[in-house]
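Participant: At position 127 of the sequence shown (counting the first as 1) the number is 190 in our numbering, and the numbers step up by one without a gap.
What the hints contain is simulated information worked out from the structure, not anything from laboratory work. Predicted model only: the values in this text are computed from it and were never measured.
Mimicking DSS-like on lysine-lysine, the simulated pairs with C-alpha atoms at most 27 Å apart in a straight line are:
1. Lys207 / Lys159
2. Lys159 / Lys194
3. Lys207 / Lys194
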Amino acid sequence: MKLHQKWAVGAGALACTATLVSSTAVTAAADDGRPATRSIVAQQFTLRLAADPGQVANVRGAATGNGVPVIQYPWSGTTNERWEADAALGGYYRFKSVGSGKCLNVNGGGSANGTQAIQYTCGSADNELWKFVPKGIGYQVVVKSSGKCLNVNGGVGVGNNLIQYDCTSQGVANDVWLPVWEPDNI
64 MKLHQKWAVG
74 AGALACTATL
84 VSSTAVTAAA
94 DDGRPATRSI
104 VAQQFTLRLA
114 ADPGQVANVR
124 GAATGNGVPV
134 IQYPWSGTTN
144 ERWEADAALG
154 GYYRFKSVGS
164 GKCLNVNGGG
174 SANGTQAIQY
184 TCGSADNELW
194 KFVPKGIGYQ
204 VVVKSSGKCL
214 NVNGGVGVGN
224 NLIQYDCTSQ
234 GVANDVWLPV
244 WEPDNI
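The task is simple: from the sequences and hints, build the whole structure.
Facilitator: Here you go:
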């Protein structure tokens with residue numbers, strides 16, 4: 064499946080977030096133009112910035128420790144840029160790094176704009192619970208603890224830190240995301 068088809072699969076599947084952690088069937092055109100259906104487990108995904116979908120939320124340096132910054136970085140298919148969604152109450156999810164098993168977290172539970180997004184041992188705190196909110200062609204990713212959005216600090220750019228920042232009503236280039244399924248069998 065081509066990369067642009069994978070984006071459509073991810074965005075389409077999230078239209079019903081209840082399917083985020085369930086098995087789903089994906090229909091795509093076969094090489095001869097006939098529909099082809101495959102069953103996949105839609106758990107591993109990348110978070111791609113809608114304004115620059117070639118870059119993803121990435122655990123810096125594929126490190127596995129607590130407190131490692133999450134950055135925007137060009138997609139390469141590695142485990143430090145793949146996430147699994149564990150459902151929590153109220154439509155929230157914990158995003159667990161496939162590479163480290165740690166959760167996407169707002170550092171120290173801070174509520175200020177600019178607080179760094181990091182990976183940290185998964186627990187039960189609100190600063191590791193995230194919700195998808197439809198916005199334009201993608202989704203804002205909102206943390207429960209502050210109600211702020213996952214944002215690329217300074218706009219689109221390789222290696223820029225991910226932070227929390229006030230959500231915009233219209234969605235801006237650095238806070239609208241495309242969750243893209245990245246199962247191994249596509």
